[in-house]
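Protein chains: 2
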Amino acid sequence: MKEELTQALSRMLGKPITFVNQPDGAGLIIRTTSANASLGSEGFQLQSNATNTAITLSAQTDIGLLYGGFHLLRLMQTRQPLIQLNIHSTPKLALRLLNHWDNLNRYVERGYAGISIFNWHTLPGYIDQRYIDYARANASIGINGTVLTNVNANAWILTGDYLQKVKALADVFRPYGIKVYLTARFSAPIEMGGLSTADPLQPQVQQWWQQKVKEIYTLIPDFGGFLVKANSEGQPGPQDYKRTHADGANMLADAVAPYNGIIMWRAFVYSHETPEDRFKQAYNEFKPLDGQFRKNVMVQVKNGPIDFQPREPFSPLFGAMPQTPLMMEFQLTQEYLGQGTHLVYEAPMFKETLDADTHINGKGSTVTKSVSGIAGVANIGNDINWCSHPFAQANWYALGKLAWNPAQSSETIAEEWIRQTWSNKTTVVNTCKQIMLQSREAMVNYMTPLGLHHIMGNGHHYGPLPWGNTLPRADWNPVYYHRADSAGIGFNRTATGSNALAQYHPAAAAAWADSNTCSSEYLLWFHHVSWQHRMPTGRSLWQELCFRYNQGVAQVRTMQQQWQQLQPYIDKERYTQVQLMLGIQQREAVWWRDACLLYFQQFSQQPIPAQYEKPAHTLEYYQNLKFPYAPGNG
Amino acid sequence: MKEELTQALSRMLGKPITFVNQPDGAGLIIRTTSANASLGSEGFQLQSNATNTAITLSAQTDIGLLYGGFHLLRLMQTRQPLIQLNIHSTPKLALRLLNHWDNLNRYVERGYAGISIFNWHTLPGYIDQRYIDYARANASIGINGTVLTNVNANAWILTGDYLQKVKALADVFRPYGIKVYLTARFSAPIEMGGLSTADPLQPQVQQWWQQKVKEIYTLIPDFGGFLVKANSEGQPGPQDYKRTHADGANMLADAVAPYNGIIMWRAFVYSHETPEDRFKQAYNEFKPLDGQFRKNVMVQVKNGPIDFQPREPFSPLFGAMPQTPLMMEFQLTQEYLGQGTHLVYEAPMFKETLDADTHINGKGSTVTKSVSGIAGVANIGNDINWCSHPFAQANWYALGKLAWNPAQSSETIAEEWIRQTWSNKTTVVNTCKQIMLQSREAMVNYMTPLGLHHIMGNGHHYGPLPWGNTLPRADWNPVYYHRADSAGIGFNRTATGSNALAQYHPAAAAAWADSNTCSSEYLLWFHHVSWQHRMPTGRSLWQELCFRYNQGVAQVRTMQQQWQQLQPYIDKERYTQVQLMLGIQQREAVWWRDACLLYFQQFSQQPIPAQYEKPAHTLEYYQNLKFPYAPGNG
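From first to last, the protein sequence lines stand for chains L and V. Okay, so the first sequence: first residue is 1 according to full-length UniProt numbering, each after it adds one. Okay, so the second sequence: first residue is 1 according to full-length UniProt numbering, each after it adds one.
The following block holds chain L by itself, in its conformation from the complex (with noise of 0.2 angstroms):
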């Protein structure tokens, strides 16, 4: 901390700073103290004395000073006053970690911002810079764990000499408080290990993963555990042997409870053969096994019941698995909120799913409450700025605040970031915040409004595929999604239909329910409604969607026309790079609004109202339109 104090502040305060043992009373006063255990490992207090001439910090430990010293650093740089402060901070979640679908040859799936900054080819010898800054970065907002490989795991990361490797960035990472995790190749035993099963209730299995862990631990005493996809999207697990997701689960998480591991397990499965809504499929799996899942197994869910689109309703297992800590899973990484160009803040829609009361204790019981850690799929790449869009690395940022105090707002991490990023110019925080907090609303408009979901490109998932029909699963394609008819569009998930709104709470569900009362923002999702179908703005959901599509539009323009207003006080590197970015999302978003309009207007029969601008091309123009070098495709 001394070394992230000397940098920052001798650059801020533009002379050298001095550290004594002996403090005289005045300046800062660094501590750890065991006298305030409500601190706890990780936790700080920043205090000014009576006459504001000294500020103590104290922690009980040297990551919870570290945190301090990041967080007055912080208060320095956004220009807040430093007097008077009485601040107590711990964070509100244990586990606040980053996902990484990074692959070890650093093809990083679903990334967009370059390829993977771990370079497993030149570790252990070679210790970039980068890892260093990447794990200030993290602690600075309270990061304390990483996962380094992806879901779709690759046994090799269990080699001898990889583990060499890991161990190298654990050593780096150490000094900041992250913990590393590797994700588990489920059938690594067969595949590495040579045995012919990779059954949980196997002995030799078990021995395995025993052995295997103890070479981990090993070397890498405080590890923190495992991440497992199973028996999804193709991925081995316990059901190839007949067992069940805790079966898979307890075993791994039996390997690592000597050690103080965690395994964390994802609920992210839609079976290969069952023709059940895709929306229910993770809570039917999971549901009936609460209860049966070890201590120190987590079940990670993602926010949504689909995938990261660009709206869910909030999962309906949050608050359904009382007996199971829960990991939340939100997707960093825009694989379907734009990609690498679009200007999307999402803290908006992370607090939309954390807000949302499950009902599930009663009213007020949020999906914060029944989280103990919040997962970030990282959205990092080895580009220069870390993100590719210079606005992307607010979502890092907000996510690492979130999950220390998932009571921020939007608008305060927003703020914060944009004071340490852009300028502490009133102009700037102002029209950046403007810019930002309308960003995810114009993104929902003009891809996916009013409930729609799941009709962008196949595999690669770029840009708009409502027609898309052709993948050999049926919920893999956007017509499976949208169903659109000539009597209208929708998913009827009610109970005349496939009834997922049953998972819900009753009190929760209700709000859903009935397409007349469902929030607007939610209809498509549970309702298949008329194209006249009367909105709460008096049009017809035909005339509601045109509207939809090119208010998204018109967002998109007046952001670009914010942004113009910033160029006296931006370098005119990344004002050209983020006004360069905005033209392209300008672009995309008029290219979704005419492709996904003149689709559905085949069903719809109903014309364009001659307010908006017509589209520039014809509808198969945009279905033959193919991007075979489109990025971060899986």
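Among these hints, one or two may not hold up.
One copy or two, either will do: identical chains are not told apart, so a pair holds if it fits within one copy or between any two.
Claimed, not checked - Each computed DSSO-like pair below joins lysine-lysine, with the alpha-carbon atoms no more than 30 angstroms apart: (1) K15 to K425; (2) K572 to K15; (3) K167 to K179; (4) K167 to K626; (5) K433 to K214; (6) K242 to K167.
Source of the hints: derived by calculation from the structure; they are not laboratory data. Since the structure is predicted, the reported quantities are computational estimates derived from the model, not experimental observations.
On the provided structure of chain L, position chain V as indicated by the hints.
Below, chain V without anything else, positioned relative to chain L:
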């Protein structure tokens, strides 16, 4: 150029620069002149006045002024006196190109510095600052063309959407005097045009290319032309239709001729069927075609007959095609030269080839005299520092400088680069120069001493694999090249062997023809000699092999010690980076030595002399190493 001078001079001089249209006779006077035809279209003149109060920079063109401006800045940055300047500089070679082996998905074949800087997906909407900086860097060293795409070509680059992207790059590069070129996939008329053939003599094929070329030149009026790899390593080509390389090249040449475009046709071919010594095949294929190519075809020849090995004799094609302009192809990226982590300064290797005497027109017929241009296979990626290893940029630099003036010495170029990159301090300049100038011989020693070649790992080409004998083609396997047996080692290319020597002018071949007089550096390229063969040093061949491998390791250790002496003068980040990479280089040098000596020892049946370090592992250990995720595999 005004922008470059402003940016650089204001920083160097620490004060703002002003430009006036009516110079008062002092300062820097910049003018274009048509009076000095000897400057050509790219040359420049820098002249002091009698009182040294003014310097006049003159050129016939804007690009000449830009080159001159960069030259002046270089003089200043390297602390050269600015008095009595009388510099008249023109490029000795008209074509000074980079070749990018970059795929459309940004994967770089044989790339060790991240992924491609060319982000095709976000072009043309997003113009990365890197594109501009890339052009500036190239212009500063005289590079005037770049082939944007991999020689293992993808026809998709020729689609209308992608040509818009190419145009965007061309527009960025144009002010810096850099033309863009593309690779042409020979079968594009089939893959994109829907034709049933790509036969170069078929009119519809010719028409397809004419149309495509017209489309390109409409967008990019100064498009440079195509680089083609045909009928080589699986690439399609004219021989698929029983046509010659000249038929294929001429067809494309005719298409681009109306626009002054050129075709660079690669001579790197070797037959699927013929069991002929691979060394001989390019010559056998192309020499008979001399005189059959159109005037705007250049044949692009790798420096050596095999494939960018640490040391190769010059290709016998140089000088052998007097009626055909030749391009020299060097490889900057270190596919066979330690890849991303070894410090190897390549200028001495380039010079070795350029200065070699073909004797074609009598003594002094250097390879340089037989080439009209130089291409360097780029070592550039999206890593923060462009080339990953802090010293790798020196090779990019040297390529540009040598293409401008092949007579420059490796040492001069190294010194210029060190002064601009590290420091003007004498100790830094001298020590870095020592490190750089010995680095290539060190690498030859620890990898492939005495004329060994092509004994590296399969596919990724990482690490030693002298035992390699499992690939389907004989001439892909290391054992094909070293031919070690109980009698001796080396490839007999004399008249009693493959007689590849006969491809050289007798006066050139004479230097290598006799195993007793052939220089040690090339011995095993041309001779199979016994383990007892007496070397000029007095050692037996086996002893000499042991000596050289150990010498290579010792040289790397010396480089490490030299670098350590520079710690006080180098910033911590770059110091550490080089230090760690030298550590890897040292360990890999030991690995090469031990694996190769243990393997060859099986045949020599002699001990490794006692004065040398013993291998740390058994041969089996080295033979079992696997690197499935080594980078750059093509």
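- Give me the numbers of the hints this structure contradicts, sorted from smallest to largest. 5 and 6
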